[in-house]
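Trainee: One-letter residues, chain by chain:
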Amino acid sequence: DTEVTQTPKHLVMGMTNKKSLKCEQHMGHRAMYWYKQKAKKPPELMFVYSYEKLSINESVPSRFSPECPNSSLLNLHLHALQPEDSALYLCASSAPGTSTYEQYFGPGTRLTVT
Amino acid sequence: KNQVEQSPQSLIILEGKNCTLQCNYTVSPFSNLRWYKQDTGRGPVSLTIMTFSENTKSNGRYTATLDADTKQSSLHITASQLSDSASYICVVSPYSSASKIIFGSGTRLSIRP
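Protein sequences appear in the order of chains H and B.
Read the first sequence against the numbering used here and you will find it ends at 114, with the numbers running on by one and no gaps.
Read the second sequence against the numbering used here and you will find it ends at 227, with the numbers running on by one and no gaps.
The set of hints was computed from the structure by calculation and includes no laboratory data.
Just so you know, even glycine gets a beta-carbon here, dropped at the ideal spot from N, CA and C.
Some hints here could point you the wrong way.
Claimed, not checked - On the chain H side, residues computed to face chain B include the following (Cβ under 10 Å):
no.: 1; residue: 6
no.: 2; residue: 27
no.: 3; residue: 31
no.: 4; residue: 33
no.: 5; residue: 92
no.: 6; residue: 94
no.: 7; residue: 96
no.: 8; residue: 101
To be verified - Calculated cross-link-like contacts (lysine to aspartate or glutamate; reagent style EDC-like; alpha-carbon spacing at most 20 Å):
no.: 9; chain 1: B; residue 1: 115; chain 2: H; residue 2: 44
no.: 10; chain 1: H; residue 1: 9; chain 2: H; residue 2: 24
no.: 11; chain 1: H; residue 1: 41; chain 2: B; residue 2: 153
no.: 12; chain 1: B; residue 1: 171; chain 2: H; residue 2: 102
no.: 13; chain 1: H; residue 1: 40; chain 2: B; residue 2: 153
no.: 14; chain 1: B; residue 1: 214; chain 2: H; residue 2: 58
no.: 15; chain 1: H; residue 1: 38; chain 2: B; residue 2: 183
What the hints assert, rightly or not - Residues of chain B clear of chain H, computed beta-carbon distances all greater than 10 Å:
no.: 16; residue: 145
no.: 17; residue: 148
no.: 18; residue: 176
no.: 19; residue: 192
Isolated chain H (complex conformation) (with noise of 0.2 Å):
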């Protein structure tokens, strides 16, 4: 299996909401990533969790708040958005300590902010 899932697909929320997107693999991948990315732009990483504990923090602002439960799951939990936090939200994962240190991305949600 090398399939990084994400749920849900779309998501639409008002500034006041409270919800959680969620990230999974099964491929034994020890650091999981979060990424933000606008139309037409490349993604910018959020965070890096390596062996379940929070490696990179990019200057993230505290209303995206990362989880990671364990080696296989990964949530972001969102609250008090802004409209400008509307954009694409991937998940990938590599396996720490290859030579090649691939990462594997998910379908990615949609997240848009009213």
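Got chain H; can you put chain B on it based on the hints?
Mentor: Chain B alone, transformed into the frame defined by chain H:
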């Protein structure tokens, strides 16, 4: 500063024709260079991955080349199909920080019938 630049920004070709996309990078040293295909609103899908010591890698109609001396890579698409319409992104993984891969801005390719 580590950068990855791609050209052209966009490209339109007729179905069945070949095309070549370019990637210039300043990342050094690096672990690997990858080409991804990204359909609109979807996640990137890996096409090829090359380590610094490799010169070429093929995946079906896609062939990537790497010249580490000039810090250039290209992606050649043969006999294009309508389904090749997508953005193609060049990504370089710095040796010092494999987690923080560096994305190019991509080339938006449109295949016309």
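Trainee: The structure should be examined with respect to each hint, and the outcome stated for every one.
Mentor: Results for each hint:
| no. | hint | in the structure |
| --- | --- | --- |
| 1 | 6 | holds, 8 Å |
| 2 | 27 | violated, 13 Å |
| 3 | 31 | holds, 7 Å |
| 4 | 33 | holds, 7 Å |
| 5 | 92 | holds, 8 Å |
| 6 | 94 | holds, 8 Å |
| 7 | 96 | holds, 8 Å |
| 8 | 101 | holds, 4 Å |
| 9 | B:115 / H:44 | holds, 17 Å |
| 10 | H:9 / H:24 | holds, 13 Å |
| 11 | H:41 / B:153 | holds, 13 Å |
| 12 | B:171 / H:102 | holds, 15 Å |
| 13 | H:40 / B:153 | holds, 11 Å |
| 14 | B:214 / H:58 | holds, 10 Å |
| 15 | H:38 / B:183 | violated, 33 Å |
| 16 | 145 | violated, 6 Å |
| 17 | 148 | violated, 7 Å |
| 18 | 176 | holds, 16 Å |
| 19 | 192 | holds, 24 Å |
When the structure is compared with the earlier hints, violations turn up for hints 2, 15, 16 and 17 and for no others.
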